[in-house]
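Colleague: Note that the protein sequences, when read in sequence, are chains X and G. Each residue of the first sequence is one higher than the last, beginning at 712 in this note's numbering. Each residue of the second sequence is one higher than the last, beginning at 41 in this note's numbering.
Rather than coming from a laboratory, the hints here were simulated on the basis of the structure. Just to be clear, a hint being listed does not mean it is correct.
Unchecked claim - With a cut-off of at most 25 Å between alpha-carbon atoms, the simulated SDA-like pairs for lysine to any residue come out as follows: (1) 713/X x 94/G; (2) 74/G x 726/X; (3) 713/X x 60/G; (4) 714/X x 81/G; (5) 713/X x 120/G; (6) 713/X x 155/G; (7) 73/G x 724/X; (8) 68/G x 785/X; (9) 714/X x 149/G; (10) 713/X x 81/G; (11) 74/G x 797/X; (12) 925/X x 70/G; (13) 713/X x 104/G; (14) 74/G x 792/X; (15) 925/X x 102/G; (16) 74/G x 785/X; (17) 73/G x 917/X; (18) 713/X x 154/G; (19) 73/G x 721/X; (20) 68/G x 715/X; (21) 713/X x 70/G; (22) 925/X x 120/G; (23) 714/X x 75/G; (24) 713/X x 102/G; (25) 714/X x 120/G; (26) 73/G x 925/X; (27) 73/G x 907/X; (28) 74/G x 925/X; (29) 68/G x 925/X.
Claimed, not checked - Here are the computed distance ranges between Cβ atoms for each label pair: (30) 896/X x 154/G: 40 to 48 Å; (31) 41/G x 925/X: 44 to 52 Å; (32) 821/X x 126/G: 31 to 39 Å; (33) 53/G x 723/X: 15 to 23 Å.
Unchecked claim - If you want a taste of the chain G side facing chain X, the calculated C-beta under 7 Å gives, among others: (34) 50; (35) 70; (36) 103; (37) 105; (38) 113; (39) 117; (40) 129.
All C-beta atoms, glycine included, are put in the ideal place defined by N, C-alpha and C.
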Amino acid sequence: MKKAATAALLIVTAIPMLIGVAALPRHGDPQAPVHTGVSARYLEGGAAEGGTPNIVANILLNYRGLDTAGEVIVIFTALVAGLAALLTAPPLFTRARRMPPAARAASAPPVSPVVGFVVRLLAPFIALFAIYIIVHGHASPGGGFQGGAILGGLFVVLTIVLGEERALTLMPRAAAPWMQAAAVIAFVAVGVIGAALTGYFLGFPVETMHLAAKLMMIALEAGIGLGGAAIFATLFLEMETA
Amino acid sequence: MFEALWDNRDYVAAVVLFCIGLYVIIAKDNLIKKLLGLNIMETAVFAFIVTVGVVDGGEPPILGPGATPPYASPLPHALVLTGIVVAVSTTALALSLIIRIHRQCGTIEADELREME
């Protein structure tokens, strides 16, 4: 009964979507509205106005910079809410109560030596790749969020292989709150600098001071990357101990 | 109708993926599986929006020496990047809430939770 109802609901959902999809412009049509509207304008003027060859990074940081600032605040808020949900809960049903890191490390299953060796070998290269993606994101595929995700993943892998205590030396307790808020701080700082230079919050002085605009963009990307990585790492650590 | 669907088969794939996610959300009782279903639905939406930006013979919208038009539309890419970050945020928050539910109730099966009320 329940299965039949589910199938019926899925069909009822799928049919309007399929009808709508069939009525869309042909896939890849150069005359589709998505190519003729504001996108064409971004492609035409973007490189000169935004100062970066990567138009996607341009839209994210320059044309729609306020959107991205809001997005950064969303992910920071998710961290705060997640920590609030995790840290305030009474451990009623969990057998493994909060143990000190050393005790937990002792009880954790051993890591395969092959995995440990490969992770240790590759870690510097992964970090280098993440940094390249972050600081070169305005001129090639990449950007702060992508590089931040790679850095966060690296932190997770290192935590599993080296243990929490050694991984935490990468994110010391005193610096952790600043790293978690790095993206928000970078947006506020660059926004205020932009306001001082151009008169608009998050304005980039592309035509008058090209180098300054480029540095501001790299600072934003670096802030997003560091902040994203720190947020992923913190959520992983808190969920692991939960 | 069917010809149009065949021309837009990339979009049809996104619709199918969306329905798979919806099925998982409805049919599964485990909260983490429901969350995975939600993630599949989000992926379907992102795939759909990114696919819309494709143009015949297009190149990535990265200008510079050697790049020739036509370029894929950059706007869907930027929108989806924003969307992915929001999806990650909702996933992280939902996982935290699931952990909290497990701590307070001892289970994350929706039917068992319903019986507890």
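Colleague: With reference to the structure, classify each hint as holding or not holding.
Modeller: Hint-by-hint comparison with the structure:
1. 713/X x 94/G: violated, 40 Å
2. 74/G x 726/X: Measuring from Cα to Cα gives roughly 23 Å; hence the hint holds.
3. 713/X x 60/G: holds, 16 Å
4. 714/X x 81/G: Given pair residue 714/X, residue 81/G holds - Cα atoms ~20 Å apart, limit 25 Å.
5. 713/X x 120/G: violated, 35 Å
6. 713/X x 155/G: holds, 18 Å
7. 73/G x 724/X: Holds: residue 73/G and residue 724/X sit about 21 Å apart, inside 25 Å.
8. 68/G x 785/X: Violated: residue 68/G and residue 785/X sit about 28 Å apart, past 25 Å.
9. 714/X x 149/G: Holds, at about 18 Å.
10. 713/X x 81/G: Within the cut-off at roughly 21 Å; holds.
11. 74/G x 797/X: The hint holds at about 20 Å.
12. 925/X x 70/G: It is violated: about 48 Å lies between the C-alpha atoms, which goes past 25 Å.
13. 713/X x 104/G: Cα-Cα ~56 Å, so violated.
14. 74/G x 792/X: At roughly 20 Å apart (the allowed maximum being 25 Å), residue 792/X and residue 74/G satisfy the hint.
15. 925/X x 102/G: The given pair, whose Cα atoms are some 16 Å apart, holds under the 25 Å limit.
16. 74/G x 785/X: Answer holds: residue 74/G to residue 785/X is near 22 Å, not above 25 Å.
17. 73/G x 917/X: Between residue 73/G and residue 917/X the Cα gap is close to 48 Å, so the pair fails against 25 Å, i.e. violated.
18. 713/X x 154/G: The given pair, whose Cα atoms are some 17 Å apart, holds under the 25 Å limit.
19. 73/G x 721/X: Roughly 18 Å between the alpha carbons, so the hint for residue 73/G and residue 721/X holds.
20. 68/G x 715/X: holds, 15 Å
21. 713/X x 70/G: Holds, at roughly 16 Å.
22. 925/X x 120/G: holds, 24 Å
23. 714/X x 75/G: Holds: residue 714/X and residue 75/G sit about 20 Å apart, inside 25 Å.
24. 713/X x 102/G: violated, 50 Å
25. 714/X x 120/G: violated, 33 Å
26. 73/G x 925/X: violated, 44 Å
27. 73/G x 907/X: violated, 49 Å
28. 74/G x 925/X: Violated, at about 43 Å.
29. 68/G x 925/X: violated, 49 Å
30. 896/X x 154/G: 40 to 48 Å: holds, 44 Å
31. 41/G x 925/X: 44 to 52 Å: holds, 51 Å
32. 821/X x 126/G: 31 to 39 Å: For residue 126/G against residue 821/X, whose Cβ atoms are near 38 Å apart, the range 31 to 39 Å holds.
33. 53/G x 723/X: 15 to 23 Å: holds, 20 Å
34. 50: holds, 5 Å
35. 70: At 16 Å from the nearest chain X Cβ, residue 70/G fails the 7 Å test, so the hint is violated.
36. 103: holds, 5 Å
37. 105: violated, 9 Å
38. 113: holds, 4 Å
39. 117: holds, 5 Å
40. 129: holds, 3 Å
The structure is inconsistent with the numbered hints 1, 5, 8, 12, 13, 17, 24, 25, 26, 27, 28, 29, 35, 37, although it conforms to all the rest.
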